[in-house]
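Engineer: Knowing the structure of chain H, use the given hints to seat chain Z on it.
Read top to bottom, the protein sequences are chains H and Z. Residue numbering for the first sequence follows my numbering, starting at 1 and increasing by one per position. Residue numbering for the second sequence follows my numbering, starting at 1 and increasing by one per position.
These aren't lab readings, by the way, just hints derived from the structure by calculation. For glycine and all other residues, C-beta sits at the position ideal for the given N, C-alpha and C. A hint or two may mislead.
[Stated by the list, open to error] Simulated DEER-style distance windows between Cβ atoms:
(1) Z:Leu14 - H:Gly15: 49 to 59 Å
(2) H:His31 - Z:Gly57: 15 to 25 Å
(3) H:Arg87 - Z:Thr63: 34 to 44 Å
(4) H:Gln13 - Z:Ser13: 42 to 52 Å
(5) H:Lys76 - Z:Thr4: 35 to 45 Å
[Claimed, not checked] Covered stretches of chain Z (chain H as the covering partner; in silico rule of three or more C-beta atoms under 8 Å from a C-beta of chain H):
(6) 45–53
(7) 78–92
[Stated by the list, open to error] Restricting the straight-line Cα-Cα distance to at most 35 Å, the calculated cross-link-like pairs of lysine-lysine (DSBU-like) are:
(8) Z:Lys39 - H:Lys76
(9) H:Lys65 - Z:Lys39
(10) H:Lys65 - H:Lys76
(11) H:Lys76 - Z:Lys45
(12) H:Lys65 - Z:Lys45
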Amino acid sequence: EVQLLESGGGLVQAGGSLRLSCVGTGFTFSHFAMSWVRQAPGTGLEWVSAISGSTGTTYYADSVKGRFTISRDNSKDTLYLEMDNLRAEDTALYYCAKVVAVGLLYFDHWGQGSLVTVSS
Amino acid sequence: IVLTQSPATLSSSLGERVTLFCGAGRTLSTNYLAWYQQKRGLAPKLIIYDASTRAAGVPDRFTGSGSGTDFTLTISRLEAEDSAVYFCQQYGSSPLITFGQGTRLEI
Numbered sequence: 001e002v003q004l005l006e007s008g009g010g011l012v013q014a015g016g017s018l019r020l021s022c023v024g025t026g027f028t029f030s031h032f033a034m035s036w037v038r039q040a041p042g043t044g045l046e047w048v049s050a051i052s053g054s055t056g057t058t059y060y061a062d063s064v065k066g067r068f069t070i071s072r073d074n075s076k077d078t079l080y081l082e083m084d085n086l087r088a089e090d091t092a093l094y095y096c097a098k099v100v101a102v103g104l105l106y107f108d109h110w111g112q113g114s115l116v117t118v119s120s
Numbered sequence: 001i002v003l004t005q006s007p008a009t010l011s012s013s014l015g016e017r018v019t020l021f022c023g024a025g026r027t028l029s030t031n032y033l034a035w036y037q038q039k040r041g042l043a044p045k046l047i048i049y050d051a052s053t054r055a056a057g058v059p060d061r062f063t064g065s066g067s068g069t070d071f072t073l074t075i076s077r078l079e080a081e082d083s084a085v086y087f088c089q090q091y092g093s094s095p096l097i098t099f100g101q102g103t104r105l106e107i
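With the rest of the complex left out, here is chain H (with noise of 0.2 Å):
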């Protein structure tokens, strides 16, 4: 059975960082690519990044763009996603998700989510 577990969300001020980790169980972790995906409060869905399973080559959304940073440590099946210059509109659930396959990217296992507060 395929697991996503997120972790490392919090509380953070306007202008910190705060480093999210996912650990997918279940699949080859190393064979896929991965992503996260936000939802502010009572909003709908909003993609941020994705990175591929084995080259690393990543994709940002341009609202995080040069703030965020995605990477994974494929020996760990650990995904991650570092936030700097955090701002309040970063406020959301925060949802790994497991992508299908590079080039057909959407997503076919979520894990449960990390909340980031972002105060201002």
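Structural biologist: Frame of chain H; chain Z shown alone:
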């Protein structure tokens, strides 16, 4: 590509059929469109990909269709458990990935 979903909220009854709409601001040449179901307090769940292919374990009451700029999700024989917010997502055109704003379905 902007995705616009309608209606924002939809109310229906058990056993009925509903159709949710997702319109793309530009043609999706590859029909790379997915639908997700999100129940209150839970993560989204994939139900349709490539516009019309049901994900594993999704009942055949859920049907996706469409091409170009107009896509629909039809849910037949509504059950109470279908109450959720439904999001569409495109994954074939720049920007890489965008979601619609969602349709809330109340049974």
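Engineer: Hint by hint, say whether it matches the structure.
Structural biologist: Quick rundown of the hints versus the structure:
1. Z:Leu14 - H:Gly15: 49 to 59 Å: Distance hint for Z:Leu14, H:Gly15 holds at roughly 51 Å.
2. H:His31 - Z:Gly57: 15 to 25 Å: About 21 Å separates the Cβ atoms of H:His31 and Z:Gly57, which means 15 to 25 Å holds.
3. H:Arg87 - Z:Thr63: 34 to 44 Å: Hint holds: Cβ distance 40 Å, inside 34 to 44 Å.
4. H:Gln13 - Z:Ser13: 42 to 52 Å: Given range 42 to 52 Å: holds, Cβ gap about 48 Å.
5. H:Lys76 - Z:Thr4: 35 to 45 Å: 40 Å, holds
6. 45–53: holds (count 3)
7. 78–92: n = 3 at 8 Å, threshold three: holds.
8. Z:Lys39 - H:Lys76: 31 Å, holds
9. H:Lys65 - Z:Lys39: It holds: about 30 Å lies between the C-alpha atoms, which stays within 35 Å.
10. H:Lys65 - H:Lys76: OK: H:Lys65 and H:Lys76 at ~26 Å, within 35 Å.
11. H:Lys76 - Z:Lys45: 25 Å, holds
12. H:Lys65 - Z:Lys45: Judged against 35 Å, a Cα distance of about 27 Å means the pair holds.
Violated hints are absent here; each numbered hint is respected by the structure.
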